[in-house]
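Chains as they are written, first to last, in the working numbering: chain A, 1467 to 1715; chain B, 23 to 146.
The hints are all genuine.
Coverage of chain A stretches by chain B, computed from C-beta distances (three or more under 8 Å per stretch; other residues unrestricted):
id, segment
1, 1512-1518
2, 1522-1534
3, 1581-1594
4, 1654-1663
5, 1680-1689
None of these hints come from the bench; they were simulated from the model. The structure displayed is predicted, hence computed values, not measured ones. Virtual Cβ for every residue (Gly too), placed ideally from N, Cα, C.
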Amino acid sequence: MIERITDVLIGNGLLFAFLFVGLMMLVSFWVARRLLGGLIPGVALAILLGLGLAFTGGRKGIADYPLFAGMALLGGSMLRDFAVVATAMGADLDKIRHAGPAGALALLLGVTLSFFAGAALALGMGYSDPVSLATIGAGACTYIVGPVTGTALGASSEVLAISIATGVVKTLATTILTPLLARRIGLNDPHSALVFGGLIGTTSGVAAGLAATDPELVPYGALTATFYTGLGCLLCPSLLYLAVLGLTG
Amino acid sequence: MTIYGVALLALCFLIGKVSGTLLGAAIGIDGDVGGVGFAMLLLIVVNAWLQRRGWLDERTTGGILFWSSMYIPIIVAMASVQNARAALSGGWLALVAGIAVTVGGLALVSLLARIGKPDQPPAP
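Go ahead and model the full structure; you've got the sequences and the hints to work with.
Here is the structure:
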């Protein structure tokens, strides 16, 4: 009996995911309003709950359990990007135009500084060969730039794992820290959101962090963040790797 | 009709993705460079153009706004399918580096946001 019910739920995975996320949000908004008195936004709590659930699973988070496989479709990159594009309906082209130069500079600085900060920390923790330094530095950009760079340069699988982990930590840290620090860093208008997206770059982290801060800012942050990974994949294995080679002699 | 809005959104999305992928190939990256960004800009422009001509009725817009409002639930689902354990498997280096670059990036937001900001009121 239970098995048959589970089979139906697994067979209709995406729809079960709609129901499950709906329940997650219901619980989160109730707790946020009733128990926490609005201290933490309901959206932020729901995202935290999602991350918590992800820890119970493996490589695909909670979607590693067959019952929750539909969550990978609902939360996968196709529907995420589709919804992100749809948020552009509320965006103001003039504001984007004003922030253009700042956004472009933020992108360039975001990739370069993340790369060198990551590489410097790796150096401090005992790695000295340029390939490992560049791979870990690239991982500090995003968890996609890391393995792309590492594979191109021929890094060891241990270093690749660290590089990917660094990017994942960045995504999680952005999700959690953005709503907490938003007011202090002046992240409160489309202009600063564009800069924020360019500096941080992890699309999932930027999207989730802004959603928890102020959903109105999401399209602006997402707009610049979407260029970050591409720019990182372009610069890290080439120009920035050569810079590391030069610096390490 | 609602489906016109959804179809328009899908059209912008796909054109953006294709241009991003072609741009990636042009600069030698096997991936999508800014596809979502192109799609967003395209949607903004097309939306403004259609609105001016009065070709967008409420239902068509509704097809797009529905997906826009599904954004947060999708992000919640996305959070739950992250490879969260990998974050811990990289040891201290991954943990320290990941958090350090995030805090560093956040700290720079207010500095860079001053560039080109129209008539900014003085900071409190």
